[in-house]
Structures are given as C-alpha cells and as structure tokens.
Amino acid sequence: MKLDRSLMADLYSDPWAQGVTAAVLAMARAMQIRSVADGVDDPATLEMLRALGCDEIQGLHVAPPMKARDFEEWLERGGARHLARDYDTKIARELDLADGPLDDIMKWANG
Amino acid sequence: MTEEACRTLAGWHARYERKFFAATSVTGRQLRDPRLVATIQSAVSRYRLPAEALQVEVSEASIIDAPDAAHAVLKALRDGGVRIGLDDFGTGTRRSGRSAACRSIP
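Residue numbers (this note's numbering), protein chains in the order written: chain A, 230 to 340; chain B, 255 to 360.
Looking at chain B on its own, in the form it has when it is part of the complex (with noise of 0.2 Å):
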C-alpha cells in the first residue's frame, strides 16, 4: 500500500507543480510490526521522495490499544519528516461511532 501510494506520488511529484502527499492508514497490528518504520522509510527513499509527501495514519483507537507502540513507531517516523495523522478522531470508540459512551450518559 505505502509501495504504491509513493510510486504514484512520484508520478505526480514530476507532473505538477504542487507538491501532493498521500495519506495511508496504518493498522493496530500493523505498530507492533518491528519492521513497519523501515518497510515505509525505504518506500519514500525508493521513490525519492521528501519524507513529508507521506502522512502516515493511525487510529485514536488503535493508539489506546498500544499507546508504548505506537509512541515508538510514530516518534521514529515523525523524527524522520513524515507527516503523522490522528484518524477518527473525537469518537473514542472502535468503529462504533455513534454508539459512543458518553452518548449513553442520559
């Protein structure tokens, strides 16, 4: 997925002038891989891009779930330029959304 997201970024890096960066989500199981910042550094590196065309993006669920993780992949990503997003954001739930806890508060 980040393969694909740079080889096309690349295309569009040196078609227009306005520098694009693609945003992809990452799994909960995804940040417990030790070889996911290196699978996304040689990414960008392959495609020669700037570290920040990428936005990688996880969950406000999936960072609860494994807030030691995710602070070391996404301090390791972020001190090497790429762009950090905080999805579904303001829910506090897993997908559930609207069925949100304090929802239920009557």
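Bound conformation, chain A alone (with noise of 0.2 Å):
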C-alpha cells in the first residue's frame, strides 16, 4: 500500500496529515499489507514515518528519479548507504521527535 505524496508534504506539522497517515498505516498492518509512503523529502518526515511504523519509504530523501543505467551507477557507489539507522536516530534525537504533541498519535499508531 503506498502512502499518497500528499500526505508526506508537511507530515512532520499537519495534524490532519499525520492522523491519515497513522490510520491507513494502521489500516495496513491489520491486512498484513507493506506500506511505502511516497514523497519523503527529508529527513524529518522519515522519522516521523518510522515512529509511525511505516515499512518502506522512496522519495528523494533516499535519491532523485533516475535513468536505469544511472541507478547502476548509483547502487554500485552504496546506494541508500546515507540512511543507516545510526545517521537518523542522530537526526531525530536532534529533532525530539517522540517528544511533544505527536507522542500521543504515536502511541496510538504503534499499538
């Protein structure tokens, strides 16, 4: 189930957003569906999807559109090789993520 681009625009402030994104979050994992949310820019918004428990991301967070012969390339330097988990638990350690009005729609998502 991929998430709409929409949503991601401004996940990491819109209420709205951030409620839609749990519920069909949520929504997938009942089904037992993988989730990818598309558009994920930055890292914030990746972080706020991990909270939310958001199985795949793409976006230019992770690379631009590319040509095939230039994801060749791309994969052979590392690839997605910037998103390791260390990398962005600093990020979000730096944003406070978990802390703040989000913390509850979070818990709610995560169970």
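Please note: incorrect hints may appear among the correct ones.
[As the list claims (entries may be wrong)] Okay, the calculated beta carbon distance ranges per label pair:
1) Asp333(B) with Arg263(A): 17 to 25 Å
2) Gly282(A) with Ala277(B): 15 to 23 Å
3) Pro321(B) with Leu312(A): 23 to 31 Å
4) Arg269(B) with Ser242(A): 40 to 48 Å
5) Phe274(B) with Pro244(A): 30 to 38 Å
6) Asp271(A) with Phe274(B): 35 to 43 Å
7) Gly265(B) with Met256(A): 20 to 28 Å
8) Ser242(A) with Tyr270(B): 16 to 24 Å
[Claimed, not checked] Capping the alpha-carbon separation at 20 Å, the derived lysine to aspartate or glutamate pairs in DMTMM-like fashion look like this:
9) Lys273(B) with Glu305(A)
10) Lys296(A) with Glu258(B)
11) Lys273(B) with Asp239(A)
No wet-lab data here; the hints were simulated from the structure.
Ideal Cβ positions, reconstructed from N, Cα and C, are used throughout, including at glycine.
Dock chain one against chain two, each of which comes alone in its own frame, and use the hints as you go.
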C-alpha cells in the first residue's frame, strides 16, 4: 500500500496528515500489507514515518528519480547507505520527535 | 512500459545478487483492457523473470471507479504471482490531494 505523497508534504507539522497517515498504516498492518510512503524528501519525514511504523519509503531523501543506467552507478557507489540507522537516529534526537504533540498519535499508531 | 521494465530487470537479475522487483503503474483505462493480464504475463515470461519481479500498481481512485474490472485483473495477476500495489492511498480523491472531502469539513 503506497501512501500518497500529498500526505508527506508537511507530515511533520500537519496533524491532519499525521492522522490519515497513522490510520492508513494501522489498516495496512491489520491487513498484513506492506506499506510504502511516497514523497519522503527529508530526514524529519523519514523519522516521523519510522515512529508511525511505515515499512518502506521512497522520495528525494533516498534518491532523486533516475534513469536505469544512473541507478546502476548509484547502487554501485553505495546506494541508500546514507540512510543507515545511526545517522537518522541522531537526527531524530536532534528533532526530539518522540516528545510533544506527536507523542499521543504515535502511541496510538503503534498500539 | 512493462516490456521495458522486464528487460531492464532481467539485466539486473543477471548482474546483481539482489532480486530486484520493478513497479509499473496501470491506469483506470488499462484496467478495462481485456488484453492487459496477457500482455503483462507474456512480458514477464519472455524475459524469464519470476512473477514476483513485477509489481503492478493501481491507484485507489481507479479501483473505486471500476471495482469489478479492477478485481478481475488484480486477482488474475495475483494468482499468477505478480505483486500488487495500491497507489496514492489515503487521499480518497483523484489527484486533488489536499482538497480531500473530509479536509473541507469545518
């Protein structure tokens, strides 16, 4: 199930988008369908999605759209290595994502 | 489109250890095309790919528009092992995104 990119545009600050995203992810989990968020362009959105329990992401934060030949080169240079867990956990700490108004919705989304 | 995706994938399967899959979008109009399933299945088998190397993506809106056609096509593909993706999920609208109906509720 691919979450629409319009939900990601300001997921970090928009409670409406957070609510719909959390609900769709909860539904996907209940139906045992893998979830993919489209349009993840920055580390803050990635961390939000991690907290909400999204399985996979795509977007500029991973890589810009590219031709097949460029993808081979990108992959051989290390691909999405920059998304390694440590790196983003550090960003999450800096953003203090788990604290504040999002706390409740994440608790709900994660059961 | 599916043909080209399968050709590229076959090359990547030969070159890399990881078994990539490719996603291609299918429009509402294509869903109503009775040849769609055969076209996709023949592209997959022509390049000797496992069916799960291809993901066919259908938007939430096009399923709502033609639920019977969508069900028949997706079931046939799924039974053959092709992955199914539900695209643009969560807005409940046609590409209007943020103007989703429930957003306008005061």
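Results of checking the hints against the structure:
For aspartate 333(B) and arginine 263(A), the Cβ-Cβ distance of about 19 Å falls inside the hinted range of 17 to 25 Å, so the restraint holds. Checked against the hint of 15 to 23 Å, the pair glycine 282(A) and alanine 277(B) passes, with Cβ atoms roughly 22 Å apart. Between proline 321(B) and leucine 312(A) the C-beta distance comes to about 37 Å, which lies outside the given range of 23 to 31 Å. Distance hint check: the CB atoms of arginine 269(B) and serine 242(A) are about 42 Å apart, consistent with the given range 40 to 48 Å.
In this structure, phenylalanine 274(B) and proline 244(A) meet the distance hint of 30 to 38 Å, their C-beta atoms being roughly 37 Å apart. Separation of aspartate 271(A) from phenylalanine 274(B) is about 26 Å and departs from the stated range, judged on CB atoms against 35 to 43 Å. Range check, glycine 265(B) to methionine 256(A): about 36 Å between beta-carbon atoms, so the 20 to 28 Å window is missed. The hinted range of 16 to 24 Å is not satisfied by serine 242(A) and tyrosine 270(B), whose Cβ atoms lie roughly 39 Å apart.
Taking the CA atoms of lysine 273(B) and glutamate 305(A), the gap is about 15 Å. The hint holds against a cut of 20 Å. The hinted pair formed by lysine 296(A) and glutamate 258(B) meets the criterion: a straight-line CA distance of about 12 Å does not exceed 20 Å. For the given pair, lysine 273(B) sits about 33 Å from aspartate 239(A) by alpha-carbon distance, which is inconsistent with the 20 Å threshold.
When the structure is compared with the earlier hints, violations turn up for hints 3, 6, 7, 8, 11 and for no others.
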